[in-house]
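Asker: Chains as they are written, first to last, in the numbering used here: chain A, 81 to 410; chain B, 81 to 410.
There may be inaccurate statements among the hints.
For chains that are exact copies, the list does not tell them apart, and a pair is met inside one copy or across any two.
[Said to hold, decoys possible] Calculated pairs, EDC-like style, for lysine to aspartate or glutamate (alpha carbon to alpha carbon, straight line, at most 20 Å):
{"hint": "1", "residue 1": "364", "residue 2": "389"}
{"hint": "2", "residue 1": "364", "residue 2": "297"}
{"hint": "3", "residue 1": "255", "residue 2": "362"}
{"hint": "4", "residue 1": "365", "residue 2": "129"}
{"hint": "5", "residue 1": "364", "residue 2": "172"}
{"hint": "6", "residue 1": "197", "residue 2": "172"}
{"hint": "7", "residue 1": "291", "residue 2": "129"}
{"hint": "8", "residue 1": "272", "residue 2": "217"}
{"hint": "9", "residue 1": "199", "residue 2": "147"}
{"hint": "10", "residue 1": "135", "residue 2": "147"}
{"hint": "11", "residue 1": "272", "residue 2": "123"}
{"hint": "12", "residue 1": "377", "residue 2": "182"}
In case anyone wonders, no lab produced these hints; they're calculated from the structure.
Protein chains: 2
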Amino acid sequence: MDNFFKNKKVLVTGGLGFLGSNLALRLVHLGAEVTLVDSMLPDYGGNEENISSIKNSVHVSYTDIRDPHALPHLLKDKEILFNLAGQISHMDSMNDPIADLEINAKSQISLLENCRKYKPDIKIVYASTRQIYGRTDASKLTNEDHPLDPTDVNGINKMSGELYHRLYHKVYGLKTVCLRMTNTYGPRQLIKHNRQGFIAWFINRTLLDDKILIYGDGQQIRDFTFVDDAVGAFLIAAENSNSVGGVYNLGGIKPYSLLQVAQILNDINPKLKIENISFPEERKKIDIGSYVADYSKIKNELGWTPETDLKAGLIKTVEYYLPRLEKYLK
Amino acid sequence: MDNFFKNKKVLVTGGLGFLGSNLALRLVHLGAEVTLVDSMLPDYGGNEENISSIKNSVHVSYTDIRDPHALPHLLKDKEILFNLAGQISHMDSMNDPIADLEINAKSQISLLENCRKYKPDIKIVYASTRQIYGRTDASKLTNEDHPLDPTDVNGINKMSGELYHRLYHKVYGLKTVCLRMTNTYGPRQLIKHNRQGFIAWFINRTLLDDKILIYGDGQQIRDFTFVDDAVGAFLIAAENSNSVGGVYNLGGIKPYSLLQVAQILNDINPKLKIENISFPEERKKIDIGSYVADYSKIKNELGWTPETDLKAGLIKTVEYYLPRLEKYLK
Numbered sequence: 081m082d083n084f085f086k087n088k089k090v091l092v093t094g095g096l097g098f099l100g101s102n103l104a105l106r107l108v109h110l111g112a113e114v115t116l117v118d119s120m121l122p123d124y125g126g127n128e129e130n131i132s133s134i135k136n137s138v139h140v141s142y143t144d145i146r147d148p149h150a151l152p153h154l155l156k157d158k159e160i161l162f163n164l165a166g167q168i169s170h171m172d173s174m175n176d177p178i179a180d181l182e183i184n185a186k187s188q189i190s191l192l193e194n195c196r197k198y199k200p201d202i203k204i205v206y207a208s209t210r211q212i213y214g215r216t217d218a219s220k221l222t223n224e225d226h227p228l229d230p231t232d233v234n235g236i237n238k239m240s241g242e243l244y245h246r247l248y249h250k251v252y253g254l255k256t257v258c259l260r261m262t263n264t265y266g267p268r269q270l271i272k273h274n275r276q277g278f279i280a281w282f283i284n285r286t287l288l289d290d291k292i293l294i295y296g297d298g299q300q301i302r303d304f305t306f307v308d309d310a311v312g313a314f315l316i317a318a319e320n321s322n323s324v325g326g327v328y329n330l331g332g333i334k335p336y337s338l339l340q341v342a343q344i345l346n347d348i349n350p351k352l353k354i355e356n357i358s359f360p361e362e363r364k365k366i367d368i369g370s371y372v373a374d375y376s377k378i379k380n381e382l383g384w385t386p387e388t389d390l391k392a393g394l395i396k397t398v399e400y401y402l403p404r405l406e407k408y409l410k
Numbered sequence: 081m082d083n084f085f086k087n088k089k090v091l092v093t094g095g096l097g098f099l100g101s102n103l104a105l106r107l108v109h110l111g112a113e114v115t116l117v118d119s120m121l122p123d124y125g126g127n128e129e130n131i132s133s134i135k136n137s138v139h140v141s142y143t144d145i146r147d148p149h150a151l152p153h154l155l156k157d158k159e160i161l162f163n164l165a166g167q168i169s170h171m172d173s174m175n176d177p178i179a180d181l182e183i184n185a186k187s188q189i190s191l192l193e194n195c196r197k198y199k200p201d202i203k204i205v206y207a208s209t210r211q212i213y214g215r216t217d218a219s220k221l222t223n224e225d226h227p228l229d230p231t232d233v234n235g236i237n238k239m240s241g242e243l244y245h246r247l248y249h250k251v252y253g254l255k256t257v258c259l260r261m262t263n264t265y266g267p268r269q270l271i272k273h274n275r276q277g278f279i280a281w282f283i284n285r286t287l288l289d290d291k292i293l294i295y296g297d298g299q300q301i302r303d304f305t306f307v308d309d310a311v312g313a314f315l316i317a318a319e320n321s322n323s324v325g326g327v328y329n330l331g332g333i334k335p336y337s338l339l340q341v342a343q344i345l346n347d348i349n350p351k352l353k354i355e356n357i358s359f360p361e362e363r364k365k366i367d368i369g370s371y372v373a374d375y376s377k378i379k380n381e382l383g384w385t386p387e388t389d390l391k392a393g394l395i396k397t398v399e400y401y402l403p404r405l406e407k408y409l410k
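Pulled out of the complex, with its shape left as it was, chain A reads as follows (with noise of 0.2 Å):
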């Protein structure tokens, strides 16, 4: 892989966020020559200090993927996109559905329509989600065929933007990968607001030595990613020619139910404290309930799998926030 990045030309959207600067950091240890492209929209994830240790050696474009005319500026001469904007809050897109539906699909179609004018043979890596399943039956892994039945507007905006990739990989033949990603966590996610994910969010309550609410028995599993193995995930499909065209479920090592992950927290920071109470109504009527990922498929394909056990994971995430927790509070 070493040899692969090196002078590479490389865009990621969404690339002061928190996968998009990971990834930004890997990139440029490769050798990579990447361009950063970030909207900054208030209370998403971009953040100027995830990109401090690397400002000096990529190019940042403060560009909405929404303007239609930068993008050809932006693909210009480039030659693999880490396609990672987009809204990820599922309470935000219940509250401004137009809003959610205008980054996660309309930009999609502008961005893939521009790659087909003026970029056609661009390899783009897409970060979707394993949302678009909707409620799965937790008794078994859900694979890449399992029918797609989002339940909320965010599921069905980012399901749109997935199927938009893969549509225009099939009539167009660009060079499109899916990667659905399941709950990701590690340094420099927001976790500054609760409306992106629980796991960002319990992850504030330990650094700030606050409580944890857990909604209803805690029992709901769910696998986690830690963000350096979903980099790797992405560096692998952008790579790997065999990707083309496909879509590939991440994964975690093994599953934990919410609680399980509080507690660790909990043994990491024994301050923390634990409490349940009733689910949100407004939450429950569009959770998903438990979910575990069957990655098999990138494993057998591209050789990927997740290598970094939850509890290393967590204690690494805490160690990056506790010297520079202000940056991530304001």
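Chain A is fixed; fit chain B onto it per the hints.
Answerer: Okay, now just chain B, sitting in the frame of chain A:
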């Protein structure tokens, strides 16, 4: 049914279009107070001629439902919303995917948000489509549990439109019903160009003593719903309170191959010519192949069945257009 619709205040989006105008005729006949909304976008189905016989019995508002300020006024005091406005051309959706998304997805969210805020008790019947199934195994009937995997931009955006309706039922309790239509034909359809389904274009060719070009061998099979039967399904779905939250396939009495349809039209007008040509590449890529609906769910739950034989329906269609052909070709 006569009594149910008497004095009911009904709003029809896409009201000057094919399905909307046929529905309006029936609703006026049943004594409803009918308001028709249409954006009159060029090259879409809206046509003044469609409502010439009832223009003094309906209210017409020339409104693009993407206009956020108009909807509260249109919804005020309405009891039933037939939500039929849509972009239905598969080819147009590929040539202008953003416009397709704006009409088929964004405006649907806007409409549902307005219903949620200003008219939460309104009954909403949404015109969905079997296009959202994508390619199916035509050796068996396709029922509503079939996975959704649309083959073009239009299918993706129509799927989003349907999923939003179902979501707003589940989360907010809106009384939505979705009818997945199959090839529908009959009087008042747009027949002036070939981008709104082959059946409309076959009828155009028949009316002009011209030539039907069959793509490939013409052995793809489809089922066909005469518009009066489709109107009946929308009325039943509106009236029957058991339909709330449901999704129902419409269908035809029996399936026909495209070649058989052409031959029936040739029986009706012997001057019509038929020619097989190879499948145009850009259409083949998004073609769904054969499809036959299982409509037993709507039959069993709501009591709807198609009643019009294909040949009888096509004769009625041709008889409708012949004396007013110029109104549908300009």
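Asker: Indicate which option fits the pair residue 272, residue 217 if close means a Cα-Cα distance not exceeding 20 Å: within, between, both or neither.
Answerer: Intra 32 Å, inter 49 Å, cutoff 20 Å: neither.
Asker: Within a copy, between copies, both or neither: where do residue 364 and residue 389 come within 20 Å Cα-Cα?
Answerer: neither (29 Å within a copy, 48 Å between copies)
Asker: At most 20 Å between C-alpha atoms: does residue 135 with residue 147 qualify within a copy, between copies, both, or neither?
Answerer: Result: close neither inside a copy nor across copies, 24 Å intra and 43 Å inter.
Asker: Please work out whether the CA atoms of residue 364 and residue 297 approach to 20 Å or closer within one copy, between two copies, in both situations, or in neither?
Answerer: within (13 Å within a copy, 51 Å between copies)
Asker: How would you label the pair residue 199, residue 147 (within, between, both, or neither) given a Cα cut-off of 20 Å?
Answerer: within (17 Å within a copy, 34 Å between copies)
Asker: Measure nothing new, just compare the shortest in-copy and cross-copy C-alpha distances for residue 272 and residue 123 to 20 Å and report within, between, both or neither.
Answerer: within (8 Å within a copy, 49 Å between copies)
Asker: With identical chains, the pair residue 197 and residue 172 could be close in the same copy or across copies; at 20 Å between alpha carbons, which is it: within, between, both, or neither?
Answerer: between (33 Å within a copy, 17 Å between copies)
Asker: Is it within, between, both, or neither for residue 365 and residue 129, if the alpha carbons may be no more than 20 Å apart?
Answerer: neither (35 Å within a copy, 45 Å between copies)
Asker: One pair to classify: residue 291 and residue 129, alpha carbons no more than 20 Å apart. Within, between, both, or neither?
Answerer: Cα proximity of residue 291 and residue 129: none, with 26 Å in one copy and 66 Å across.
Asker: Using 20 Å as the alpha carbon limit, work out where residue 255 and residue 362 are close: within a copy, between copies, both or neither.
Answerer: Answer is between; shortest inter-copy Cα gap is 18 Å, intra-copy 39 Å.
Asker: For the identical chains here, do residue 377 and residue 182 meet the 20 Å Cα criterion within one copy, between copies, both, or neither?
Answerer: Neither way: residue 377 and residue 182 sit 31 Å apart in one copy and 35 Å across, limit 20 Å.
Asker: How would you label the pair residue 364, residue 172 (within, between, both, or neither) given a Cα cut-off of 20 Å?
Answerer: within (15 Å within a copy, 39 Å between copies)
Figure legend: structure checked against the earlier numbered hints; hints not met, in rising order: 1, 4, 7, 8, 10, 12.
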